[in-house]
Amino acid sequence: MKNDMLIAIGEALIDFIPDKSGCQFGEVTAFSPKLGGAPANVCGAYTRLGGRSRLLTQLGDDPFGHRIINELNGCGVDTSYIKLTDKAKTALAFVSIGADGNRTFSFYRDPSADMLYAPENITESLFEDAYALHFCSVSLGDFPMKEAHRAAISEMRRHGGIISFDPNLRFPLWKSKEALRETVLEFLPLADIIKISDEELEFITGENNIEKALPVLLKGSTKLVIYTCGRDGAHAYTMNASAKSPVRQVKAIDTTGAGDGFIGSFLWKLHSLAVTADTISTLSGEVLKECLDLSNEFCAYSVQKNGAIASYPTIAELFKK
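For what it's worth, the working numbering labels the leading residue of the sequence shown as 1, then goes sequentially.
Because the hints were derived from the structure by calculation, they are not lab data.
The reader is advised that the hints may include incorrect statements.
[Stated by the list, open to error] Below, a list of computed lysine to any residue pairs in the SDA-like style, where the Cα atoms sit at most 20 Å apart:
no., residue 1, residue 2
1, K244, A316
2, K269, I69
3, K89, K146
4, K89, I69
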């Protein structure tokens, strides 16, 4: 069986996008429901570019849960391993968008169905066709889904695939910032690839300079650090090479899912180049820049539209002149 499947584990939810930007929650008069959740978005980006993806999560057996499954199916994401439960509802997130396109969130998730996803759902057969496993920190709180992540990481490591981690910090979901930081630091060394933003760097590593932070990040199993800086582009670092890539300047309408689109498209590019977990550390600066360039362009396209997966380009759209 061909190992080309991207597997993402974690939350899938409904993002409620406001009818206007540049204002506070109290000034919004209407919200539109959109498919969201970082792992779901990463699957969507990978699949939009022509890859195969599979989401591991649990949803409420409710209208929002069924809507998510239907929309993921429509995007080409494999939903056959998504669980439904009547023990909790599907997670919701209400979003407000500032004048600069950046977002703040209000979550309805205490608990939500994804948090109760059990490690017993992780089976060897899930990974037989896997290329990479991606996860974030949202679902690493002290509930069953955290142990499901451990099980998935263990299986992916056993199958020799790439493991990718985007901390994707969401402070309102944690009882304390220190608990979030400790959990992120616990999981960082388990990943082959770490994607971290300029807004997250100092909180996680204690350093505000990426060069000084690299010793904290490039250890354990980690072979590649992707450092994203919004309008200032992105950087990539291994122990042997580095690269930087500027981003095309566009007017951002909505940055929802932009970081997810970045790592989803980056993983797709690695697969297209036949990069494996064993060869990541041998990538040249030129190849790293090629990957960054594609993901930057993917994001530049995405932020000019509303929503996450709905804003992601296909290959044809991405390279349309």
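Now the hints, each set against the structure:
1. K244 x A316: violated (25 Å)
2. K269 x I69: Violated, because 26 Å separates the two Cα atoms, which is more than 20 Å.
3. K89 x K146: With a Cα-Cα distance of about 18 Å, the restraint between K89 and K146 holds, given a limit of 20 Å.
4. K89 x I69: holds (14 Å)
When each numbered hint is compared with the structure, violations occur for hints 1, 2.
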